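Student: Chains as they are written, first to last, in this note's numbering: chain A, 1 to 454; chain B, 455 to 908.
No wet-lab data here; the hints were simulated from the structure. Any given hint could turn out to be false.
Keeping only pairs whose Cα atoms sit at most 27 Å apart, straight-line, the calculated DSSO-like set for lysine-lysine is [said to hold, decoys possible]:
1. B/694 with A/212
2. B/735 with A/357
3. A/212 with B/729
Distance ranges between label pairs, derived from CB positions [as the list claims (entries may be wrong)]:
4. B/626 with A/240: 55 to 63 Å
5. B/804 with A/248: 34 to 42 Å
6. B/816 with A/252: 45 to 53 Å
7. A/251 with B/736: 31 to 39 Å
8. B/804 with A/245: 22 to 30 Å
9. B/804 with A/6: 55 to 63 Å
10. B/694 with A/413: 49 to 57 Å
Chain B regions said to be covered by chain A (calculated; three or more residues, Cβ under 8 Å) [unchecked claim]:
11. 542-548
12. 655-667
13. 730-737
14. 777-788
Only a predicted model underlies this, so the values are computations on that prediction, with no experimental measurement involved. Backbone N, C-alpha and C fix where the C-beta goes; we use that ideal spot for every residue, glycine too.
There are 2 protein chains.
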Amino acid sequence: MKPYIETNKRRFFEELFSLLRIPSISAKPEHKPDMYRCAERLTELLKEAGADEAGVFETAGNPVVFGKKTVDPSAKTVLVYGHYDVQPPEPLEKWRTDPFEPVLSKDPQTGEDAIYCRGANDDKGQLFMHLKAFEYLLREGKLKHNVKFIFEGEEEIGSPSLPAWVEANKDLLKADVILVSDTTMISEKVPSINCGMRGMAYLEVTVTGPNKDLHSGHYGGAVANPINTLCDMISSLIDKDGRITVPGFYDDVVELSKEDRANLARAPFDMEEYKAFLDIKEVKGEKGYTTLERTGIRPCLDVCGIWGGYTGVGSKTVLPSTAHAKISMRLVPNQTADKITELFERHIRAIAPPYVKVEVQRSKGGNGFLIPITSHAYQAASKAMAEVYGIEPVPSRGGGSIAILADMQRILGIDPLLMGFGLERDTIHSPNESYLLRQLFAGMESIALFYQYY
Amino acid sequence: MKPYIETNKRRFFEELFSLLRIPSISAKPEHKPDMYRCAERLTELLKEAGADEAGVFETAGNPVVFGKKTVDPSAKTVLVYGHYDVQPPEPLEKWRTDPFEPVLSKDPQTGEDAIYCRGANDDKGQLFMHLKAFEYLLREGKLKHNVKFIFEGEEEIGSPSLPAWVEANKDLLKADVILVSDTTMISEKVPSINCGMRGMAYLEVTVTGPNKDLHSGHYGGAVANPINTLCDMISSLIDKDGRITVPGFYDDVVELSKEDRANLARAPFDMEEYKAFLDIKEVKGEKGYTTLERTGIRPCLDVCGIWGGYTGVGSKTVLPSTAHAKISMRLVPNQTADKITELFERHIRAIAPPYVKVEVQRSKGGNGFLIPITSHAYQAASKAMAEVYGIEPVPSRGGGSIAILADMQRILGIDPLLMGFGLERDTIHSPNESYLLRQLFAGMESIALFYQYY
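Bound-form chain A, shown alone (with noise of 0.2 Å):
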């Protein structure tokens, strides 16, 4: 496929760029016409790849995009997922460039070409990449597989809609494998293909003291704050071993045997260099596990945001009303978010002291799930990695989660293949977020070949 890249690669740039300058933030509600915008856009680019037909779908939330490709009926079918919509920017102050304005550059430490935008990576980056090896094997008359395409809006706030969706219209999504890229790779010179990835709960815990914010010198000593009961609270969650301390957490958690253990051990780590790239002098998480073990095999507790009282420049002394935490647990396959979602919130209102109210806004969550790597497709997604990266890529365990993919192999009991082309270099979900050239251009030609070894 490199020679066709070679000669479409300007209006590849033009394509991609135009998806990423619709800031189609989920998380936010006042983006809901630049979702609708980012889905008419996708629907255009499919059809002019070659879809046979593409539209947009109404959900209960946000758009689906939907398109498809019939062949020869009797072939396999392969059914694209992606999402179109992104996490928010914030915090903006940390971004070089327009967060919403897509720029090729060079990375600043290792002079790569890069493109630079929110969504460069995930996932319009690496949605794209099906677009266009989909749209290769068409005009040079390779295709002989069915293709559908199936892009979501709601990916980053845990696809809440789409269940419903997949489950009225399993008949229009019979395929044979979900083949997914949204995920990330252990490096360029250890591909990997990601058998397995975590669950998520998130809830947001409200802790409330006094009914208005107090002078923090009338009353500070004799009425709890509810800031530091919520450090209190919060303090609790975790054990001195790094265990989370709700009851029930860990029951459905499966022990990997000494083998499994050691399969994954294959996947090359160098502390060091973990270590050197996030600044950091020693690492921390749960007793007994290796770090490659506490993110791919482990479930976890994370504060992902917390607020209260005075926040502005100088030195406001308030006794605050309220303080706020936006709380994630990454779960492993057999736990259940739904399960761990009802357990951390009978947990968080058992633990509330007496001198507080508490409130908790449950989110959509996930389940995990696992990939078995014997798969016929398995098998030919390696064969095509091994092809384009020179080396036979590893079986690794993401820590992410993509909260449909276990809904999606649960309704139409197919199994998803996660062929992710991101490094970790790419800063998703974080300010900066890029995806480097050579990734975006190895991530077609591969796609396009497992299409051929499937």
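With the hints as your guide, set chain B onto chain A.
Tutor: Just chain B now, kept in the frame of chain A:
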């Protein structure tokens, strides 16, 4: 003074409102021009009230207003202290009216007339009483004392520039008593005079984990989250008995005698009313002390603000790079802000785990102080207030801090006298700050009578 108030009421409102409309927020550097506007307006009001001289004086920070009236060089001199700066109005969404547009309206709960505005009580409303009591005495030919006025613009940020200015202007400020209305009385039925205030130390703590915001799926469980770590650190600062764990924190705290405690316990206190006013089920504080003691004679630690990660709408996942907290400690007499600031910073650095970095930003603090209730000034104030309220005031200990008063006491060798007419209902430092008209006028009368008995 009642008839004088009745005749001039309308003009009083106009004058006070002209001060209240100026958003003189000392914590926000962008309000610098407002500080000058407010100082100029105060100077005009001083001159109109009858001061011989009044002017705006530069300091290293916001300007000081100084004015004086010499009646008889051999008579005693009263130095009136007040501050024209105010707290930031945030959170704005909790105000029922514009925080800087004074409104005369009824208290929604009690139906009493009050002025609603930031600064209505603290301290523009309270300092205004002194201007008008002075004007009244002068115009009616009743002023027997020399009067000096010092109004500063940095009280709410700990008066960083005033000590140097006071030191440099010792002669100008020579007086027999520092008269201050910037505190709260127990209730209208229980008028009280503050005989001591707490000091304050204030620091901002920043905890940094990884050098960039991270994807909480890829790193969660393996890299310490600075929000969780900050919560752990904060949680460890107060033990289960409500005592602050900073080593050396209590070293200089003077334990009060049984008699002193019994004397303070004379102030009436209704726990059920207190809890109902705040809508809390239980109070919380240091073991072994009553609620009034916890705010009056014991130090405390409060988080005044906390922030980190994603705090917008929705469920963004992130393992953030940094987390921040603003922490205040109210101190009792004999503790010094400098020493406690030093101890706190040392401690917070000592308890920081190796997987984070900690930065500490110190704010200007202030010491607590005591006022002898046996003094002539205290007795004159007591007599004046007893006459106006029909009840003899009780001595009380205020939990708040006026950093500069301990400095002025030390530099000038004069004791302050705290005739405060605020009520808890005024919710100073909070949204919908207000000041009851009854207290505004009773304050003016009490102050005028103070001059008579002093």
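Student: Each hint: holds or not?
Tutor: Now for the hints, and whether the structure bears them out:
The hinted pair formed by residue 694 of chain B and residue 212 of chain A meets the criterion: a straight-line CA distance of about 25 Å does not exceed 27 Å. For the hint linking residue 735 of chain B to residue 357 of chain A, the alpha-carbon distance of about 9 Å falls within 27 Å, and the restraint holds. For the hint linking residue 212 of chain A to residue 729 of chain B, the alpha-carbon distance of about 12 Å falls within 27 Å, and the restraint holds. A C-beta distance of roughly 60 Å is found between residue 626 of chain B and residue 240 of chain A, which places it inside the suggested range of 55 to 63 Å.
Between residue 804 of chain B and residue 248 of chain A the CB atoms are about 36 Å apart, so this pair conforms to the stated range of 34 to 42 Å. Between residue 816 of chain B and residue 252 of chain A the beta carbon distance is about 48 Å. The supplied range of 45 to 53 Å therefore holds. For residue 251 of chain A paired with residue 736 of chain B, a C-beta distance near 33 Å keeps the hint of 31 to 39 Å intact. Between residue 804 of chain B and residue 245 of chain A, the C-beta spacing of about 25 Å keeps the proposed range 22 to 30 Å intact.
Our hint of 55 to 63 Å for residue 804 of chain B and residue 6 of chain A holds, since their Cβ atoms are close to 59 Å apart. In this structure, residue 694 of chain B and residue 413 of chain A meet the distance hint of 49 to 57 Å, their C-beta atoms being roughly 54 Å apart. Counting residues of the region 542-548 of chain B whose C-beta sits closer than 8 Å to any C-beta of chain A gives 4, which meets the bar of three, so the coverage hint holds. For a cut-off of 8 Å, the count of residues in the region 655-667 of chain B with a CB near a CB of chain A stands at 7, and the three-residue condition holds.
For the region 730-737 of chain B, the stated coverage by chain A is satisfied: 6 residues place a CB nearer than 8 Å to a CB of that chain, which reaches the threshold of 3. Counting residues of the region 777-788 of chain B whose beta-carbon sits less than 8 Å from any beta-carbon of chain A gives 6, enough to reach three: the coverage restraint holds.
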